[in-house]
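Asker: Chains as they are written, first to last, in the numbering used here: chain E, 1 to 161; chain L, 1 to 155.
If you are wondering where the hints come from, they were derived from the structure by calculation, not from laboratory data. All residues carry an ideal CB built from backbone N, CA and C; glycine is no exception. A few of these clues could be false.
Simulated pairs of lysine to aspartate or glutamate, DMTMM-like, Cα-Cα distance not exceeding 20 Å [stated by the list, open to error]: (1) L/117 <-> L/26; (2) L/76 <-> L/31; (3) L/76 <-> L/49; (4) L/117 <-> L/48; (5) L/4 <-> E/159; (6) L/76 <-> L/26; (7) E/74 <-> E/49; (8) L/40 <-> E/91; (9) L/4 <-> E/32; (10) L/117 <-> L/19; (11) E/74 <-> E/86; (12) L/40 <-> E/86; (13) E/74 <-> E/113; (14) L/4 <-> E/73; (15) L/4 <-> E/24; (16) E/96 <-> L/69; (17) L/76 <-> E/91; (18) E/96 <-> E/57; (19) L/4 <-> E/33; (20) E/96 <-> E/49; (21) L/40 <-> L/27.
Sample of chain L residues with no beta-carbon within 12 Å of chain E, all distances over it, derived [as the list claims (entries may be wrong)]: (22) 42; (23) 51; (24) 90; (25) 92; (26) 101.
Here is how the chains run, residue by residue.
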Amino acid sequence: MGQPEDKKPDFEDPLSDYSETYADALEQALSEEPVTAIQAQPFASVSPDTPISAAVELLSRLHVACLLVADGDKLLGVFTDRDVLDRVALEYDSVKDQPISTVMTPDPVFVYETDSTGAALAVIAVSGHRHVPVLTLDGSVVGVVSPHRVTGFLQSVYETT
Amino acid sequence: MRLKDSLSNEPVSRLALRDPVLCLPDEAISEAVSRMRDRKLGCVIVVDDERRPVGLFTENMLSRLVASDPSGLRDKLRARMAEQCHCVRPTDPVARVLEAMQRSNTRFVCVVDDDGKVVGLTGQKGLMEFIADHFPQQVMVQRVGSPPPSQREGA
Numbered sequence: 001m002g003q004p005e006d007k008k009p010d011f012e013d014p015l016s017d018y019s020e021t022y023a024d025a026l027e028q029a030l031s032e033e034p035v036t037a038i039q040a041q042p043f044a045s046v047s048p049d050t051p052i053s054a055a056v057e058l059l060s061r062l063h064v065a066c067l068l069v070a071d072g073d074k075l076l077g078v079f080t081d082r083d084v085l086d087r088v089a090l091e092y093d094s095v096k097d098q099p100i101s102t103v104m105t106p107d108p109v110f111v112y113e114t115d116s117t118g119a120a121l122a123v124i125a126v127s128g129h130r131h132v133p134v135l136t137l138d139g140s141v142v143g144v145v146s147p148h149r150v151t152g153f154l155q156s157v158y159e160t161t
Numbered sequence: 001m002r003l004k005d006s007l008s009n010e011p012v013s014r015l016a017l018r019d020p021v022l023c024l025p026d027e028a029i030s031e032a033v034s035r036m037r038d039r040k041l042g043c044v045i046v047v048d049d050e051r052r053p054v055g056l057f058t059e060n061m062l063s064r065l066v067a068s069d070p071s072g073l074r075d076k077l078r079a080r081m082a083e084q085c086h087c088v089r090p091t092d093p094v095a096r097v098l099e100a101m102q103r104s105n106t107r108f109v110c111v112v113d114d115d116g117k118v119v120g121l122t123g124q125k126g127l128m129e130f131i132a133d134h135f136p137q138q139v140m141v142q143r144v145g146s147p148p149p150s151q152r153e154g155a
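Turn these sequences into a full structure, and let the hints guide you.
Answerer: Structure representation (structure tokens):
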């Protein structure tokens with residue numbers, strides 16, 4: 001009994017020639033581009049003991065809609081225009097001297113800098129948080145992605161394809 | 001249909017339009033704020049007697065007002081509103097919403113009928129939802145305190 005003339009390998013990877021295909025460049029960008037492709041800086045942060053009045057003043061002076069609340073490198077929450085609407089504006093005189101930690105949104109949904117741009121968009125669309133902190137894998141704050149920054153990214157891809 | 005084609009060809013009416021808070025110009029800002037809270041919306045559309053938009057007051061403008069003059073919440077909307085309200089029609093392509101937001105740096109776009117009367121509200125959130133619908137596999141929500149992917153067990 002002899003050897004077969006064409007000996008086949010014991011295992012053939014069925015995905016060896018697999019490559020993702022996309023319908024268009026916009027889909028590819030959302031799937032493959034890391035979230036760092038979206039503008040995430042500049043961003044502003046405050047400590048959790050910052051008075052509410054100072055935080056609101058900072059929002060206005062910097063012309064931003066979101067402050068990250070952090071203790072050193074550790075992200076604790078976000079304070080946004082929506083928090084001013086929901087918990088500050090009508091009660092301003094009685095809450096203005098309290099620390100920002102009492103009215104911030106704690107434990108915000110975030111993305112890692114290695115996540116896809118599509119993931120940041122999904123966080124905004126699904127969880128309803130407009131401002132998404134971007135963290136390194138060890139938890140340090142890199143920046144914040146806003147819907148305006150996402151639409152700027154989408155527009156740039158849209159116009160170049 | 002490719003996403004780009006969807007943006008160019010699908011009408012604004014395919015977005016999940018929101019029922020806006022409508023206020024008259026002489027209503028107090030504090031009243032508008034209460035209604036924004038109740039409805040969980042970030043703006044009110046200021047309209048005339050025939051529901052035609054004449055202005056917009058947003059939560060961003062509210063933050064500026066609280067920072068500069070908290071007593072201004074007693075003012076009428078007409079004194080503090082933006083007199084420009086960007087509008088699209090239900091039959092316009094979705095891409096028009098994207099263009100309006102980028103051009104004017106606004107979050108909110110008013111949807112009006114052929115008579116210019118308000119029929120809905122859309123903007124960043126509606127557009128994000130529309131695009132996210134094309135990428136269900138990308139939904140990945142994490143919270144502070146979750147271990148990074150490299151430390152998770154399993155797939």
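Asker: Determine for every hint whether it applies to the structure shown.
Answerer: Hint check results:
1. Straight-line distance between C-alpha atoms of residue 117 of chain L and residue 26 of chain L comes to about 19 Å, which keeps the hinted pair within the 20 Å bound.
2. Distance restraint check for residue 76 of chain L and residue 31 of chain L: the Cα-Cα separation of roughly 9 Å lies within the 20 Å cut-off, and the hinted pair is therefore satisfied.
3. Restraint check for residue 76 of chain L and residue 49 of chain L: the C-alpha separation of about 16 Å stays at or below 20 Å, so the hint holds.
4. The straight-line distance between the Cα atoms of residue 117 of chain L and residue 48 of chain L is roughly 9 Å, inside the 20 Å bound, and the hint therefore holds.
5. Pair hint residue 4 of chain L plus residue 159 of chain E holds up; C-alpha atoms about 10 Å apart against a cutoff of 20 Å.
6. This hinted pair checks out: residue 76 of chain L and residue 26 of chain L have alpha carbons roughly 5 Å apart, not beyond 20 Å.
7. Under the criterion of a C-alpha separation no larger than 20 Å, the hint pairing residue 74 of chain E with residue 49 of chain E is consistent with the structure, at around 14 Å.
8. About 17 Å separates the Cα atoms of residue 40 of chain L and residue 91 of chain E, which keeps this hinted pair within 20 Å; it holds.
9. At most 20 Å may separate the alpha-carbon atoms for a hinted pair to count; residue 4 of chain L and residue 32 of chain E meet this at roughly 17 Å.
10. At most 20 Å may separate the alpha-carbon atoms for a hinted pair to count; residue 117 of chain L and residue 19 of chain L meet this at roughly 13 Å.
11. Proposed proximity of residue 74 of chain E and residue 86 of chain E is contradicted: the alpha carbons are some 25 Å apart, above 20 Å.
12. Distance hint between residue 40 of chain L and residue 86 of chain E is fulfilled; the C-alpha atoms sit about 9 Å from each other, no more than 20 Å.
13. For the given pair, residue 74 of chain E sits about 16 Å from residue 113 of chain E by alpha-carbon distance, which is consistent with the 20 Å threshold.
14. For the hint linking residue 4 of chain L to residue 73 of chain E, the alpha-carbon distance of about 39 Å lies beyond 20 Å, and the restraint is violated.
15. For a cut-off of 20 Å, the pair hint linking residue 4 of chain L to residue 24 of chain E stands: about 7 Å separates their Cα positions.
16. Taken as a hint, the residue 96 of chain E and residue 69 of chain L pair is honoured in the structure, with Cα atoms around 13 Å apart against an allowance of 20 Å.
17. The straight-line distance between the Cα atoms of residue 76 of chain L and residue 91 of chain E is roughly 19 Å, inside the 20 Å bound, and the hint therefore holds.
18. For a cut-off of 20 Å, the pair hint linking residue 96 of chain E to residue 57 of chain E stands: about 11 Å separates their Cα positions.
19. A threshold of 20 Å between alpha carbons decides the hint, and for residue 4 of chain L with residue 33 of chain E the separation of about 17 Å falls inside it, so the pair holds.
20. Under the criterion of a C-alpha separation no larger than 20 Å, the hint pairing residue 96 of chain E with residue 49 of chain E is consistent with the structure, at around 12 Å.
21. Between residue 40 of chain L and residue 27 of chain L the CA atoms are separated by roughly 19 Å; this keeps the pair inside 20 Å, and the hint holds.
22. With a closest Cβ-Cβ approach of about 7 Å to chain E, residue 42 of chain L is found to fall inside the 12 Å limit, against its non-interface label.
23. Chain E leaves residue 51 of chain L outside its interface by the beta-carbon criterion, the shortest separation being 24 Å against a cut-off of 12 Å.
24. For residue 90 of chain L, the requirement that its beta carbon stay farther than 12 Å from each beta carbon of chain E is met, with the minimum near 21 Å.
25. Residue-level check passed: residue 92 of chain L sits 16 Å from the nearest beta carbon of chain E, beyond 12 Å.
26. Under the 12 Å C-beta cut-off, the non-interface status given to residue 101 of chain L relative to chain E is violated; the minimum distance is some 6 Å.
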